[in-house]
Amino acid sequence: MPLALVDCNNFYVSCERVFNPKLEAKPVVVLSNNDGCVVSRSNEVKALGLKMAEPWFKLEKLSKQHGIIAYSSNYALYGDLSARVMSILSTFSPRQEIYSIDECFLDLSGFDPQSLMAYGQTIRQTVKRNVGIPVCVGIADTKTLAKLANHCAKKELSGNDGVCDFGQMDKVEGRALFAGIPVKEVWGVGPNISRKLLNMGIKTVEDLRTTSADKIRSQFSVVLSRTVNELNGTPCIELEDAGTPRQQIMVSRSFGAAVTELEELIESIAYYTTGAAEKLRHDGSVATSLCVYIRTNQFTEAEAKYQQSIVVPLSQPTDDTMKLVSAACHGLKTIYRRGFRYKKSGVLLMGLQARKTIQPTLFDDPAKQARSASMIRTMDAINKKMGSGSLTLAASGTQCRWAMRRESKSPNYTTDWKELLAVG
DNA sequence: TCTGGGGTCCTAGGACCC
DNA sequence: TCTGGGGTCCTAGGACCC
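Residue numbers (my numbering): 501 to 924.
Don't take each hint at face value.
[Unchecked claim] Simulated DEER-style distance windows between Cβ atoms:
hint, residue 1, residue 2, range
1, Gln853, Lys805, 33 to 39 Å
2, Arg871, Lys655, 54 to 60 Å
3, Glu761, Ser718, 48 to 54 Å
4, Gly610, Thr744, 21 to 27 Å
5, Lys655, Ser721, 41 to 47 Å
[Said to hold, decoys possible] Derived pair list, reagent style DSBU-like, types lysine-lysine, alpha-carbon separation capped at 35 Å:
hint, residue 1, residue 2
6, Lys909, Lys551
7, Lys655, Lys561
8, Lys522, Lys546
9, Lys844, Lys779
Just so you know, these hints were derived from the structure itself, not from any lab. No experiment lies behind these values; they were computed from the predicted model shown. From the three backbone atoms N, C-alpha and C, an ideal C-beta is built for every residue, glycine too.
Work the whole structure out from these sequences, hints included.
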């Protein structure tokens, strides 16, 4: 039952480098929405000690000093390259779980255990050759161990050029390796749990592995006790097949500039709800309620603070953009207060269920519903063909003063004819 | 202008009902 | 009048991940 975790190295930075080879060997970062935080760092930047999610404006001096090159995030580019990487990886196993934009699990059961190291190398070389993105491969019997093996491959702890297979390690070797890795590197152990573990004297992966799962369960939660079992080779987290639907869908953004007027908040909420509804239909789900929230800047001390959210039940489960937008705007109007400078808004679709399970009600008008569904399908098709956002509801507005800042975005090399890479 | 991301799931605890 | 157990549903907040 071995499985592999394939993870792209410094994914967003690597995407930028594919189309701009001059960035190779230079310190490069990619920033989050609004050019807020550092979300991807090249190895050169990691070596400078720059942390993940650090606010960019605080790094101005350091970045000048070391000539760090910063890019705004270009999700159209990263999403497209991700799809190419995932498609190639899917050919290496009958079962693939895409875990995030830059990593996936592959089921390797049935393969010759002795050949997996070589197979891992083939995977790396194929992705590098066909897309230009470097990846590392971790192989083990559980998801948590595969994540850890991937960590070892990335840090070159196992000495095997981008691939690490715990199956090729004997017990003594494995224990020594685990005893040298801080417990915070384990998947599922964040800063909080890590602190509490340290207080209990559990410092390394090996310490955690040898702690009784029952003790962990009573002091923490069933989630972390699963982690302990997984570290011991007992799978507790199943491989999820493609199409396992999400339980909630969130779309939220900070604004490029503070917003005070209800009309502008409505535009942002309509826009985010439209995006959330597209994800919802992509999953084949319907929502039974939604939550709208708005907030002022949480960091500026001097400003008046306000944050509020409201849950709006839907009269019946739906995936109809117009019904969702209308419900979200209705909710927004009840929580909006004049006189605040808003910095962020968001929409959360909740109570998701499969569209095919919903019960029609007495008051349904099938003809009307068919018309509505057909219009939504047309909108989705146009947006897929012409690019996301080509066709939106008028409620989303056209000015978008609230839209995010992206001052140093690279071109959409692969998704926009006008921005193709020019050679020569 | 004036800088601080976005998304998902789990758990604990309260309300309510039988 | 007070005391029970046990289940479900909901919400808020915590924690994690990338």
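We went through each hint and held it up to the structure:
1. At roughly 36 Å, the beta carbons of Gln853 and Lys805 sit within the given window of 33 to 39 Å.
2. The hinted window of 54 to 60 Å between Arg871 and Lys655 holds, with their beta carbons roughly 57 Å apart.
3. The hinted range of 48 to 54 Å is satisfied by Glu761 and Ser718, whose Cβ atoms lie roughly 52 Å apart.
4. Under the hint 21 to 27 Å, the C-beta atoms of Gly610 and Thr744, about 22 Å apart, fit the expected range.
5. Against the hinted window of 41 to 47 Å, the Cβ-Cβ separation of Lys655 and Ser721 comes to about 28 Å, which falls outside the hint.
6. As the CA atoms of Lys909 and Lys551 are separated by approximately 21 Å, the hinted pair is consistent with the 35 Å bound.
7. Simply put, Lys655 and Lys561 have alpha-carbon atoms about 28 Å apart, close enough for the 35 Å limit, and the pair holds.
8. At most 35 Å may separate the alpha-carbon atoms for a hinted pair to count; Lys522 and Lys546 meet this at roughly 19 Å.
9. The suggested pairing of Lys844 with Lys779 holds, with an alpha-carbon distance near 21 Å, which does not exceed 35 Å.
The structure does not agree with numbered hint 5 stated previously, though it agrees with all others.
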